[in-house]
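2 protein chains.
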Amino acid sequence: MKNLFICGFALCTVLAEARVVNVADHGIVPGKDATYALNRLIESVQNEPDVTLSFPKGQYDFHPENALGMHRAVANHDNGLKRMAFPLFNHKNITIDGGGSTFMFHGHMIPFTIESVQGITLKNFSIDWIRSFHDEMLIVESNAKDKSVVVECDPSVYPYTIKGGKILFHRYKQDDPIGSNMVFDPETRAPIYNTRLYTINGKNAKITPISKTTFKIEKGFKNAPPVGSILVTYGNHPTSRLCPAIHVTNSKDLKIKNVTVYEAGGMGLIVERTDNITLDGMKVTSTKERIVSTRADATHFIGCKGTIKVENCLFEHMLDDAINVHGAYVPVTEYLGNNEFLCDISHFQQWGLTFGEPGDKIAILSRETILPFYETTVKNIKVLNEHRFVLTVTDVPANLSKGPLSVENLSWYPDLVFRKNIVRENRARSILVTTKGKVLIEDNYLSSQMHGILIEGDNNKWYESGAVQDVTIRNNEFVNIGYAVSERYPLLASPLFTANQRMGEGRYHRNIDFVDNTIKSFNGLLVKACSVKGLNISGNKMVFSTDYPKADEGEAIVLEYCDDVTIKKNKAAGFDNPLEVSKTADTSNVKIERNPGFKSQTDRKLQAALN
Amino acid sequence: MKNLFICGFALCTVLAEARVVNVADHGIVPGKDATYALNRLIESVQNEPDVTLSFPKGQYDFHPENALGMHRAVANHDNGLKRMAFPLFNHKNITIDGGGSTFMFHGHMIPFTIESVQGITLKNFSIDWIRSFHDEMLIVESNAKDKSVVVECDPSVYPYTIKGGKILFHRYKQDDPIGSNMVFDPETRAPIYNTRLYTINGKNAKITPISKTTFKIEKGFKNAPPVGSILVTYGNHPTSRLCPAIHVTNSKDLKIKNVTVYEAGGMGLIVERTDNITLDGMKVTSTKERIVSTRADATHFIGCKGTIKVENCLFEHMLDDAINVHGAYVPVTEYLGNNEFLCDISHFQQWGLTFGEPGDKIAILSRETILPFYETTVKNIKVLNEHRFVLTVTDVPANLSKGPLSVENLSWYPDLVFRKNIVRENRARSILVTTKGKVLIEDNYLSSQMHGILIEGDNNKWYESGAVQDVTIRNNEFVNIGYAVSERYPLLASPLFTANQRMGEGRYHRNIDFVDNTIKSFNGLLVKACSVKGLNISGNKMVFSTDYPKADEGEAIVLEYCDDVTIKKNKAAGFDNPLEVSKTADTSNVKIERNPGFKSQTDRKLQAALN
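Chains A and B, in that order, are what the protein sequence lines are. Its first residue numbered 1, the first sequence is counted upward by one per residue in full-length UniProt numbering. Its first residue numbered 1, the second sequence is counted upward by one per residue in full-length UniProt numbering.
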């Protein structure tokens, strides 16, 4: 009986503990291309749950030549044939423990592909590429008059050739002209203030070599960037977003802990249709040698569920947002009868998306107002091609509108906890979030070039769905938000409409609390909200910042077509004038109380207008 | 008993006869896009063997929007996302009977995709596209001095725009500049004599609009084509070979009967790894309105087995060969030990090819001499990506050469019967064939711009394998072969070597009979052979033709490094001088007898040289 007990206990221990595989025992060692051996090892443990692949600390190199390759649709990226270093398909409870290693990539590859995996932890490693997916040029001479510059750019770091007045940057057998571009400020290590002033049109630019590491750029700039600034160029669609660092789809229980992404030809992390995600201590940042980190967002989540928990992370120097959480609106091309809808995925970076699976709840909505009018359930989805699918649902309303329709998946919206993170020195926003789940954004440091937090939703441009229902934004520090000058609110909550769309009868977003935040601001802006029902802006502290040129850009709080708004106990200090609140006539039920430093609550004329 | 007998008989009848499905009963009717309904019908009979899909006569239109789409590797074409009208996967004994219908396509589509199908018959229909994959321009003015022309080109037929001196042709959302091109002669409806004289460099050309349907072309031509000729342009790789008409792979017992292909953005028929193929009364030809038919070969077979039987066919006006039958040489990148070879498919239009499967016999060969030195059997093939695979074989030679190696699949070489066909008025050759199977080419009319029959094989350019072992070419009529001027033999049999390769110790090709053919010739050329053991050139009749300018292009028969050659009872008539035979010193065992009209058998000096 005792023996049996011990045996049973030992068995339990074995079952509970993951087998640890030292990758060195499988020929995966520093100093050579480890791709083929790693592909084989990962494949060999596909049917073995509870396994840890452990990397002794070192630099591991991965080349594309012998890597698993297949055509992949990757949301928010350019689809195509992808090469993979860590191709994780159908694994269960697997851990990749880098042991502090660097995973160095040498070409067009997706380092991590995670599909239909139930339980995966990535930890303790960094991801980098030998040759960046962008190019950095230091401005060493600047002529304001003829808008020309001389730049220093080492071709051993950013390979290029100049011919016939044009430059081509060479990135892994791909030759890119000057495509998208922006100027960074080496003092702030962020996009330069009002960077749009220094845009360059690569088609017009004339390039003349001066020395082996310098050349002159004429005729393309709106204005010549100042000496010391850094011109960053990064190619064109459809070959400029081929390689995210980590791509996850159709999986469950993803954990990323102490992983640093220094570089990616796309996003640091893109996650599709995955249930429960935890990022803890993830960093997206640039190396010492570069000013820019990833080509696109640090992290991005489309059509997920469960909880996305992001804590203790650092996201900086990206060429796009730190996080974006949303679903997808898919337009209906034609109602085929028999509860069947022919649907057409409209945004080119959503082509190939899994819209849903049988059993998912979906909403049918007006494409004009983006407001849902009927809920039903997916019975079948027949994918025709990357663009189109036929959706069969259990039931449709009796009088199905003949106007343009869209559908969205209601079952796959996640909760979001975004806590104790730092976002700074990146192009674009800190946070985009449109999910019907519960959202908590607290204790973060946010300092981005455009809006701090953008709660949008649109059905005609990005097709990012998810009118919010419960958002709490509290105790965050917003610092110098909006030095792009064009988009500049700590919080903007508004659906995006285009010409052929209109506000519907109900509000789009609901229940947004923006409370107890500290805003260090050079422009005096706080919140703009449109089509929100239930907005609480309270307890926030606005402090004037001298870090950027003082700007008076209008009312601190702008309300359009909102309902049930509370603005109280906000404080503003250090601004030349009291901050203002404005609202359109179709905004209703606004309470404004005790906001020292704000003009509105003492301004009778405005107060009258507000009620 | 009687009833039972009748029932049994009736059952037998039912089992033996295919169920006939009238496609009209499934919504597939003229006058609308039939793609979605057809895709569904084909899918619904996937598990039903012995079925005929019968089309009432009419024009059926197919658009890409709702077509099944997926990434496909298509040999000798440009791989990518393909849209399919007839996606036949895993069907058994299926017949598509067009009933004399026209299948009209409206975009980048592959009309027929046939994969892993056991038994399929395509019959009684034609394939065409609304907008051709090439452009035709009639030369209406021609200035020899400044090498400019004025052309007529109706943009409602060949849509284009001219801007900044450049022209872009619009083909289904794809904009092509002047890419590959050649000039056709409307009198012969064939490529103009010595067409290379009239090549145009699209990059240099300057285009000036004159009227809505005419424009001037300057600065690009080598020489201005004559008035009345037709300039044909057809795009650039990798977007100029996207849409073959019929793509077959990994199938068995394919029959094509009375099918006409008027147009294809690639080949008329491309077949990979298929066992037994019969083409009867297939036509590849142009419509009345166009001078050109398909963008590439009429038919092409790679890595097939069984018998390819081609009879009673017409292949004309293609921009490439009428037929090409071959295997693939795949270079070995590295011997990994343990009977494993890392292999790298070298030609970009073979990427994605199925090299072999377990059980296939393969040869290991020297990449330098292309001569095999060991036979072994495939144990496993692990595909890494479109380019590379790891081949495991049952055994390797004791001292595996360290020189560069290749492999070829010996199990998948077909026999070929090519009989009673007409090939004419096309760019390139009539027939290319390199297969180890038995080849019979008889009773054909062959009149192509380059060689009549090319038996090649190379391991450094096209990687087309299959040194021949048994070829009979008899009773064919070769008419005006070689009006391209550069390549011009009724039969050229020679492997293609490049600088770093060399002839090996054995001959490459074997046993070629070229007998009892009639050759109407303006250049007096008959056969060139290199590295052939066993060559019989007998009973052929050469007749002088006045259809093209008289040309004296050297010896009628040229032998290099051949062995065991018989040249007898050939006749030549109407040429200015007796035709000659020449051979290199490394050619052995040549018998020359009774060849009236030839110089060699009476010329002692030459006779001496020949022995």
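Source of the hints: derived by calculation from the structure; they are not laboratory data. Hints are supplied without guarantee of correctness; some may be wrong.
Since the list gives no way to pick out one identical chain from another, each pair is judged satisfied if it fits inside one copy or across any two copies.
Once the Cα atoms are required to be at most 25 Å apart in a straight line, the calculated DSS-like pairs of lysine-lysine come out as [to be verified]: (1) LYS252 with LYS147; (2) LYS461 with LYS57; (3) LYS257 with LYS309; (4) LYS252 with LYS92; (5) LYS461 with LYS173; (6) LYS382 with LYS32; (7) LYS212 with LYS569; (8) LYS283 with LYS147; (9) LYS173 with LYS533; (10) LYS382 with LYS92; (11) LYS309 with LYS569; (12) LYS461 with LYS533; (13) LYS32 with LYS402; (14) LYS361 with LYS438; (15) LYS163 with LYS173; (16) LYS166 with LYS219; (17) LYS206 with LYS166; (18) LYS203 with LYS163; (19) LYS163 with LYS219; (20) LYS257 with LYS571; (21) LYS309 with LYS92; (22) LYS571 with LYS436.
Structure-based check of each hint:
Taking the shortest Cα distances, LYS252 and LYS147 never come within 25 Å of each other, neither inside one copy (53 Å) nor across copies (67 Å). Taking the shortest Cα distances, LYS461 and LYS57 never come within 25 Å of each other, neither inside one copy (45 Å) nor across copies (44 Å). Taking CA atoms no more than 25 Å apart as the test, LYS257 paired with LYS309 passes inside one copy only; the shortest distance there is 12 Å, against 63 Å between copies. Proximity of LYS252 and LYS92 under a CA criterion of 25 Å is satisfied intra-copy only: 9 Å inside one chain copy versus 39 Å between copies.
Taking identical chains as interchangeable, the C-alpha atoms of LYS461 and LYS173 lie at most 25 Å apart only when they sit on different chains, with a minimum of 21 Å there against 32 Å within one chain. For a Cα distance limit of 25 Å, the shortest separation of LYS382 from LYS32 across copies, 21 Å, qualifies, whereas the shortest one inside one copy, 44 Å, does not. Proximity of LYS212 and LYS569 under a CA criterion of 25 Å is satisfied in neither setting, with 60 Å inside one chain copy and 71 Å between copies. Taking identical chains as interchangeable, the C-alpha atoms of LYS283 and LYS147 are never at most 25 Å apart, the minima being 37 Å within one chain and 63 Å between chains.
Taking CA atoms no more than 25 Å apart as the test, LYS173 paired with LYS533 passes in neither setting, with 52 Å inside one copy and 44 Å between copies. When the C-alpha separation of LYS382 and LYS92 is checked against a cutoff of 25 Å, the pair qualifies only between copies, where the shortest distance is 23 Å, while the shortest distance within a copy is 28 Å. For a Cα distance limit of 25 Å, the shortest separation of LYS309 from LYS569 qualifies neither inside one copy, at 30 Å, nor across copies, at 89 Å. With identical chains, the CA atoms of LYS461 and LYS533 are at most 25 Å apart within one copy only, with a shortest distance of 24 Å there and 68 Å across copies.
For a Cα distance limit of 25 Å, the shortest separation of LYS32 from LYS402 across copies, 22 Å, qualifies, whereas the shortest one inside one copy, 61 Å, does not. Taking identical chains as interchangeable, the C-alpha atoms of LYS361 and LYS438 lie at most 25 Å apart only when both belong to the same chain, with a minimum of 18 Å there against 62 Å between chains. Proximity of LYS163 to LYS173 under the C-alpha cut-off of 25 Å is restricted to the intra-copy arrangement: shortest distance 17 Å within a copy versus 30 Å between copies. In the homo-oligomer, the alpha carbons of LYS166 and LYS219 lie at most 25 Å apart both inside one protomer (12 Å) and across protomers (23 Å), since each shortest distance falls under that limit.
In this assembly of identical chains, LYS206 and LYS166 lie within 25 Å of each other by CA distance both inside one copy and across copies; the values are 6 Å within and 21 Å between. In this homomeric assembly, LYS203 and LYS163 come within 25 Å of each other (Cα to Cα) both inside a single copy, at 14 Å, and across copies, at 16 Å. For the identical chains of this complex, LYS163 and LYS219 are neighbours both inside a copy (16 Å) and across copies (22 Å), given an alpha-carbon limit of 25 Å. For the identical chains of this complex, LYS257 and LYS571 are neighbours neither inside a copy (38 Å) nor across copies (85 Å), given an alpha-carbon limit of 25 Å.
In the homo-oligomer, the alpha carbons of LYS309 and LYS92 lie at most 25 Å apart inside one protomer (21 Å), although the nearest pairing across protomers, at 51 Å, exceeds that limit. Within a single copy, LYS571 and LYS436 get their C-alpha atoms no closer than 30 Å, and across copies no closer than 88 Å, so neither meets the 25 Å cut-off.
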